[in-house]
Every structure is written in structure tokens, then in C-alpha cells.
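Whenever a hint applies, use it, and build me the whole structure from the sequences.
Chains A and B, in that order, are what the protein sequence lines are. According to the working numbering, the residues represented by the first sequence are 1 to 573, in order. According to the working numbering, the residues represented by the second sequence are 1 to 648, in order.
FYI, nobody ran anything at the bench for these hints, they're computed from the structure. All C-beta atoms in this analysis are idealised placements derived from N, C-alpha and C, irrespective of residue type, glycine included. One or more of the hints may lead you astray.
What the hints assert, rightly or not - Ranges of calculated distance between the beta carbons of each label pair, as one might list FRET restraints:
#	chain 1	residue 1	chain 2	residue 2	range
1	A	Gln108	B	Pro525	36 to 42 Å
2	B	Asn116	A	Asp151	27 to 33 Å
3	B	Val85	A	Gly351	48 to 54 Å
4	A	Asp167	B	Glu113	39 to 45 Å
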Amino acid sequence: MKEFEITDDNRPYLDARGKIVLNACPGSGKTSAIAFKLKRLAEECLNKHGTFAGIACLSFTNVAKAEIATKFHSLHGKQFDFPHVVMTLDSFINQFVTLPFYYLLNKQAKRPVILDVVSFLDQMTVGRYFAKSRQPLAKILKPSKLKYELDGTISWGGHQPNFATVDPAIFDEYAKTYKKWQTQNGYLNNDDSTYIAYRLLLKYPRIATALIERFPYIIVDEAQDTSEIQYKIFDLLLNAGLSNIEYVGDPYQSLYEFREARPDLFVDRFNDTANWRPLRLKDCRRTSQEIIDGYSIFRSSSETAITSTCKHSSDHRIKVLRYDPANLDDLISRYESLIDSAKENTILVRGSTHLEMFGAKPTAEEPWKNSAALTLINARKNFDLGNIKAAVDGMRTFLAEIQLPDADHRTRSEHLESLKSDRDLNLKLFNFLQQIPSHNMGLQNWTNMTTGLILKDLNIQVDFELKQKGKAFYALNLLQTLFPARETKFPVTTVHKVKGMTFHSVMLVLSENSTAANISLAEFVKPTGLPTEKQRMIYVALSRPQVLACIAVPNSISEAVITARLGANIDFV
Amino acid sequence: MQELPSLLHFMYLSNIKIENYRGIRSLTMPFDENINIIIGENGCCKTAVIDAIRLLYNLGNPRKDIYLSNDDFYVDSRTGNQERVITLQYVFRGLTASEKGGLYEYLIVDPAEPANDHAQVTLSYERRENNYPKFSYFTGATEQQKADSGTFEIFQHYYLGALRDSTIDLLNIKNNVLGSVIKRLVERGKTEDQFRKIITDANKELLKQAEVRDTRKGVNNHLDDIFKISQENQIGLRIEESSKIESIVNVIRPYLPHDKKLLENDGFQLDQNSLGFNNLIYIAIILGDIKERLVDHPDQQFVLLIEEPEAHLHPQLQLNLYNFLKTASAPKNCQLFITTHSPTLTSKSDLDNLIVLKGSAVNIGYCFKDRAIENIREQVMKKVYLTDNDFLKRKKQLERYLDVTRSQLFYARGILFVEGISEKLLLMSFAELHDKKIEDHRCEIVSVDGISFYSFIHLFNSSTPDKRLGHKASIITDDDRLAKAKDTFKTLTKKGYTNLNSFHSKLFAATPGNRLGNLKLTIQPHTTEVKVFSAFKTLEYEIAAANVAANKTDYPKNFLIKALAGFDPKKSTIIDAYVTALPNPTFGLADQQKIAILIWKALPSKAEFAQNFSIALEDEIKRAKAANEKVVFTVPPYIIKAVDHATA
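Structure below.
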């Protein structure tokens, strides 16, 4: 069991109760603070509300949720379980509002399956609707992106469609038809579910009353990513009498605006001192002060400054590497010379196109027509990485796919559910996983061996259907085909993926300019209010390292320009 | 249904639906929030219902006391087919706000009527070949919803089985109920250390005693002799102490002290008590435990399941026990379920707490509830429909009747309603003569003793199946025609029987009284289970009429005629003379009727006749059987029909 240190920085938060907004700077130990506080809250909850009421600790991703659970266990030596829950916000809304009460809005509706994506909808035809250009609406405005807005209207991907291309009445009918089909047949995505939950709580306040009896304490971690409708749901719970709720997050680290995140609403509540109690964690244990001062350019001047309480020695000025976009290897080796390769280091890029430049992203080219093969390979990969649960889950999905190749989604989901409860099957799948041949061999060899294994162990005849024929194709090395890798001693990854993590050093690669989704030096200006999403991305990137932050700038930009943007407190390498 | 303020009530098990469990194919049973007394024949599955309740409440118990095996799946006795899935569905109502929180994932919300919101949990067992049954459950409305199994701890219970031996339970060292109560209070008062200290101190004193020390010395000396060289093998003595509070308090036992004032010192041990008394001690302790547990865990719901609480108890004590369970002891958060075979117990209870189980379950109180809508009348002459208040009155009358008479009405399969004890006495003998002994057919003769039949009729005449008992019932009554005529034997035999003749004409011209029509009206046309069987004029007339032979020769052979000669020789002689004086050897119908009238009027008073004749008839039945003869007596046809109907 680890020890937790109560400091002047975190004590106010640990002692606070009621309606709280906690603004936590990077590296502040927010997760540990939450995990520590949960134990106190659990005792209070037991005393005040009895054995069957608990705390709902909600986060945004499964990774973040797992972190809290693990942290709690390491601090307190036991699990944080019933009557408490640690879940993603979406799962919470699904499990405790939408799924138990969906029938109240529509008596005929089937109990929904809530999916992360409903892209299969795009393959279906429900009615015939056309744009002004006579093209089918289902092709140009794909139904999987239809979304309920708060006021009950339906948007496409969060926006109104261009009414020059489609008649609004026709679009409305099209949207409603698909949504009705989804509800009747029980296929919802998380947005649909959240909308339904909102309407349920609005129409039947007694659901909210019962829910807050069950969970008199709610903590929302990474609350900067809460969407407007999710805030509205919490407002309904507050109206019903919820007295303990915490929004914990950092508005500067909100990267999910494309998914409806509203960091501005977080800030609004932080500033609404009449109704909310604002608190801060401003001590950063991770990063040295120079680096903090560097990324603090993105913090507005009225913000409280972040203080470094890290234990390592100073003089960690930001290093700038000017690079030739055609010679990435050179950039990489220069970076390598700067770092301590025994520690965790990473190169951060904007997005998947950049990743491909570095050769880190797998090409999308599957050599088989049957997607089940890739499911199997990914399961095996997870197994090799030690993610046993993910591996067995993947195996189950694979098994469902090959057992019911022609079934519709619902039937397969139901089948998958029934497989989950078969404990003997887990062992069988685990054994099967260990026998899957390594993919470092010829395509045809692997395909034949694997199909043979499936027939022998699972008694099912599968044809993965290689896309091409011929000796050359068959002899391609599967590993190279699927995962062409570059030899790098450290990962190259996107900023989104490293949120919340700590590295010894980081190199952020900028583009020449800020067109489209690129980030460049142009972002480095002091914002007046909340920084832009691109600025926040840089903020996240530069707040990851402990001792060394490097920024790679294309050599078309002169040192003078760079110094003008970044200030004098930098070193050129 | 109005929602009571939450301070006054807690959640309760409101109904259970059982499918394919043991002898039950499909049964829905509603429950009262406080007390439920289940009556039914042996084999009607009362225990299955109790066990079905236990199955849910066991889930929250670390120590299971009921298991489900492949033998528990319903077998269709006709086809031999055994079902594959047992389903048990439990509905809870009356939840407080905080209970709705605890059972949140069990909630089913009624969009139209908030008062109808309830909690539901469904258990399901699947029979598998060569394996124990597979258990699954879901909470709330749909199958894929499962609340955390931690919620099962909300459901707590105590169970007292039918063939229990409370003495053994009270003496049990490990699972001692008395010990649990004490332990609970110790934990609450946080006085564990005091208890431990007492034991530790006592143990220390023991070890200091000379006998203990001398023994140790002796043993060690011997060890020295054996080992010779070293002293490393000396022993110490200590007492194996357990620091668990259970071990300390489980040795405390109840007993009956001789000194009733001080309640100390010598007394009878538990196994010297009567079984009945120990039964009561056990129940008293359990109720104490429930009370304490409710203080510690107000968020749990308790049920107390007692099979045959009357076991080993004298009837009067059964009543006391029932009253105790009902009033002083049942805390609000505790629901009581009793199965019983004791009419003594049920005679005292409110009809709302009585459930008769016979294929389906009928709550007796419910038979009188919300019936105004069925538009039932009790009077032919007035177009007055019964209101809910009227039904309430009838219900209270029935309760009072049962209280006073200790009737076994609800324990029978078929019921014969008669006016009074006289009819009852005669009916028993008649039935035996008709070769249908009442007890053999599990029939009950209920004499309403002058109270109207109506309260009873309403148990059977509802158009709603769960508001009516399914028993067959016969109502035996007189048709009261020519009610005003008060002619006696004397007046009829005067004036050369002119009065008899005019009486005869009037009698056969008369119509049945209103009362009969009213009765038939109340028994709505759609129930064939209850029927009215009326005597022409009166039972005594019918008895007479059935036993006047068709001719002069056979006339004196009849047992009634012989008996009459014994009862009242004078009147008997007069009738004999009348008979002899008739012109023809065979009697015409009118003659038979007139003879019957005379006999009827000649019989002693109702009660006297009933008492004496029934004894005489029973003796005659025995004599005839022994002599292999037939009894020359005919049971009135309407009685035969009544008995056949009730024993069908």
C-alpha cells in the first residue's frame, strides 16, 4: 500500500464537501487525491446513508476509470466496490438511466443495445430520401452521424445540414425515420442514450430522486470534457436535491471539443461562486519550473500560477530542434542523443497523418476479405502485451463472428452476451490464444495454419478469403504487411493518447503552418480567455515531461522567428 | 391506492409469482404488508410458497439454509414431463425514498400512476443434465438488467420450519440465536473489550490456582526425568482463548429459574421444558434479535417465516401467541408469513390476513373489497345494489362469526351451510346413510346459527376469480312458504281433519318466501359452485314426506314411523288411525302429503327431535350393518342433492 501525502495544496479539496469545482493543474496528483478522498467519503456515506447508497466516481475513458480504481487499491489495499461505482460517464448514464427506464418513453421499444458506433446503419436502407441533387441522403448525410440535440431537433454530426443541398423538411423526415427505427429496434449510440436519459429525467423527476438516493455523492473526473447535455443531466439531479457533486478537471487540457466537450461550461461553474465552491490544485509534482513556465504561455494572465514541487534538479530549459521534414531520421537521432534512453521518452505528433510519416501507424491494408482474421490478430497482440482481458474479449468477439457469420448485429450481440457467461469457454479461449501462430511468417502459411487450428480446436470451418492470389502475395510477411514498423527506441504517438501520462522527456513535432489540423508556432500566443483546442493540445503535450521538453520546428522557420514566439528562455539544438 | 407517508410504512413483499417450482405449475400470490396466514390442505404447496420466499432471502445470507436441486422442477403428473426452467418473481411495494435508492435497479416506474411504482426481482433456475441447476437473475423490468448482488443483503429473514426442535436450536453452540442477540448489543455498545477482559481475568485466576500449578510442576518433573540433560522441554499451561465475542456469549443459555422474582440461581434446564414452551422461548428470542437488527440496519427488510406456529401449543396458548405476533412484536419493517392447520389460530385473525391456497391463492379479505362495481343485490323486492360499505359490514360479520365459533370453514374442500345445530346433527347422520361420510370428503358443515347466509355467500359469488373461493358449497334452507300458518297437530286433527285438508290446500298453493328468492339472487348466475337447496316448507316436512310409504303395508316399516312411536306414542296412535282409515290400500299423492303433514306436526321440537333422532338413526345404521340389513329410511332428496353437490 502506498502512502498518500496530504499537503497544503490538496488539503482544502480533501476537506471540502458539497458542490465543488476542482481545477487541477497538470502533475498535481489529482487522481491520487480523488482516490484518497474516496475512502473518507465512503465512510461518511455509510454513516449518513446506510449500506446501500454509494459514491459514483465517473470519468470519460476506460483508461481514466481504470486509473482511479487502481490508485484506490494501491492506497487503501482493497477494491472500491458495491455500493460505490467507478465508471465512465456514458456507462453510468446507460446503466442507471437509459437502460432501466427506456420503456417509459416508448412502450414498444426493445431494450436497447448501446454501441460506441452505429456505423452499420450506413449499410441499411430505411425509407428512401433524396437530396436536391437526387443523390440518396443516406449516402451524402450518413445516418450514423444523425444526432439528437437538446431541443429535440436532429442534427447531422452536431451541425445543421446545408439546406442548399437538402430540403429541410425532407431531412427532418429522413432523420426521424432512422432515429425511430433505431429506437424501435434498440440500437442506440451513446449520444442517443444521453439524450434519452435527459428526457427521462426531465419527464419523470422521481427517477432523479431515486437515483440520488442511490448515489448521494457524484464525482466527475476529467470534467472539462463534459458536454452540455451531460451538464444538463447533472443539473436535473441537483434540482432533485443532490447535495454532493464534484467536477474535477483542467479546462486547459480539454481535447475533445470535436466530441461535444465544453470546457467553457466548466470554467463558468468555477467562476459561479454563488453556487459552486471553486478549488485549485496548483502544485505540480511532475515537471520542472522552466518547462511549466514555458507552457504557461497558454494560461490566461488572470490564472493562478503553477508551482513546481518536483524533486529533480533544475535547468531544464525547453530545447528547440529545427528539422528537415524530408529527413526525419536525422531528427530522431538528434533527439535520441539528448535523452536518457533508460527512461520513458516519447515523440508526440498532431494526428494520424503525422504518425504515418513516422511509420508508426499500421497501414489500413488487410490482406483478407473476412475481417474476423484481424480481430483474431488483435486479440493475439493484446495477449502478447499482457492485456489478458482484452485478449479474451477479442477472442469472444471473434468466436461470435465466425459462429454467426450472417447474423444481424443484435443477434450477434445477444450471442456474445451469452458467451460471456460461459466460464468454461474462457479457459478454452485462453488456451486457443496461446496456440495462434505468430504473424511473423508468410501470409498463406499463417492463414492455413490458423484456419487449421480453428477447425481442430473450435470445430468451425472458416475461410479468411485472401484478397489476392499468386506466389508473391502468399509469401508476403504478415507482420510487415500489417505493422510496418520503423526501428525506434521509443513510441511515436498522438497527443490524445498520452493524456494523463508522465514521461521523462517529450518531443513535440510542429508543422510549418497551421492550415487544416496542423499545429505550428502560430499557436504560441497568449489567449485572452480559454485557449483554442490547438493551443490546449500543445499544453497537454508540453506538460507531460518531467525534465526535458523538446519542440521540433521545420527548418524553414528561422531562429529569430522562433525566439520571437517562444521567448529567450530556450536552447537551440 | 394512496401512498402512506413514509414514516408509517416500509417496503414489503407485495406478491410473488411462482412457476414450475415443486408442485406449483403457476401461482400468483398477493401478500399483506404485515401478516400473512396461509391455509391449505396438505400437499397444496404451502411449504413450496414459503420456500420460494426463502430462496430470495437466502441470497443475502452467507450461510445458506435452502438449496435447489433438479428434483425441485415441476413434473406434470399426467405426462411425466419435467419442466426445465423455474421462475420466481418478487414484487415489493411501499418503498420509502431511501429504499427506492437501495433498490434503484429493481424499480419499475408506472408512467401513468406514480403510486404504482414498485421494485421487482426475478430469479430463474435452469435444469441441466448431469449438473446442478444454473442460477440467474434480473432486477427491474428487463432480463438484461442486474443490480449488484450486494443488494441482496437488503433481504433478511428468519425461518422456523414445521418439524423443528426448538430445544436443539436453543442449545446449539455455533449458531446460537440468543448469543447473536447478545453479540449484537455488545457490538453496538462497543463493550467487546469489557467482555474479553472478564474472560481473560477469570482465566488468569484459574491458572493461578494451586491445583493447576501443581499439575504443571508434576508434568515438568516427569519431562526432566525423560530428557535428563536439558530443561528446554518444560511446558507451560494456558487456556485456549478465543477473542471472538461469539465464543464468549454463545455459552449463555436461557433457563427457567425456580425463583420467579429474582430470575436467578437454580432452575429447570431447557431440555426439561416442554417442547411447546421452548418453541415460545425461541420465537421470543428471535423477535428480540429482529428488533435489534432493525436498529442497526434500518435499510434492510425482514421477513419472519413460521410454519405451523401452533406446533406443541395448547389452543389457548396458540391464540396468545398469535396476538403477540400480531400486535406488540411485529415491527414495521418486518413481514410475517405463517402457514397453519389450526382453526384456533385463524379464528382470531382479520380476514385480510388470511390466504386460502387451493390451486390458486385467494385472500379472504379481498373477497369483500371493491365489489360495489359488480352490482350485486341481496333483495329481490328492492332495486338496491350493495355498496363497498355493505360489503365491509358483511365482512365484519363473518369475522365475528369465525372468532366466536372457531369454524373450520376455510379448511374444508366442500361446505354445507345449514341454519342451526339441529340441522347439522341430522345432516351428519343423513350423509352417512347416503354413504357419504362428511369427514371422508373433507366437507365441513357450517351452521350459521341464525345469522344470515349473506356474509358467507359473498365469499363465492364474485365475477373476479381472485375474489372468490373455489370451493363447492350447498346452502340448505327452508322455503318458508305459507309462513303465517301456525297450525299445530291438535288443530289439524280436529273437526274430522277439515283443518288438515284446508291446510294442505293452502300449503301446496303457496309460493316460497322472499328470503329464498333473495338468496338465489345474491348467488350471481355465473357461479355454479354455490347452490341453494330448499326444503318444501321445512326440513321436518321433507323428512316426513320422504318416509311415508306408498301403501299401508309398507307404511309402518319405516324407521321414522317407528321412531315417532317411541317419541310420542299418543300422536303416533292418532296418525296410525288416520292411515288405517284411508279408503285405499295404496295412497294417492295427496294422501301421502297429508300423512306427511301430520307426522311433521307430531314430531317433537326441532332441537329435541334432531338430538334424539340423529342418535337413534346412527344406532340403527350400525345395527343394520351388523345384521346385514338395509335401513328403512329415506333421506330427503333435496338433502341428497345438497350433499352430492358439496362433495363432488
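Are Asn116(B) and Asp151(A) spaced within 27 to 33 Å by their CB atoms?
-> Holds - the Cβ-Cβ distance for Asn116(B) and Asp151(A), about 31 Å, lies within 27 to 33 Å.
In this structure, is the beta-carbon distance linking Gln108(A) and Pro525(B) contained in 36 to 42 Å?
-> holds, 40 Å
Hint check for Glu113(B) and Asp167(A) - Cβ pair distance inside 39 to 45 Å = Taking Cβ atoms as reference, Asp167(A) and Glu113(B) lie about 43 Å apart, which means the hint holds.
Okay, Val85(B) versus Gly351(A) on CB: inside 48 to 54 Å?
-> holds, 53 Å
Checked against the numbered hints given earlier, this structure breaks none of them.
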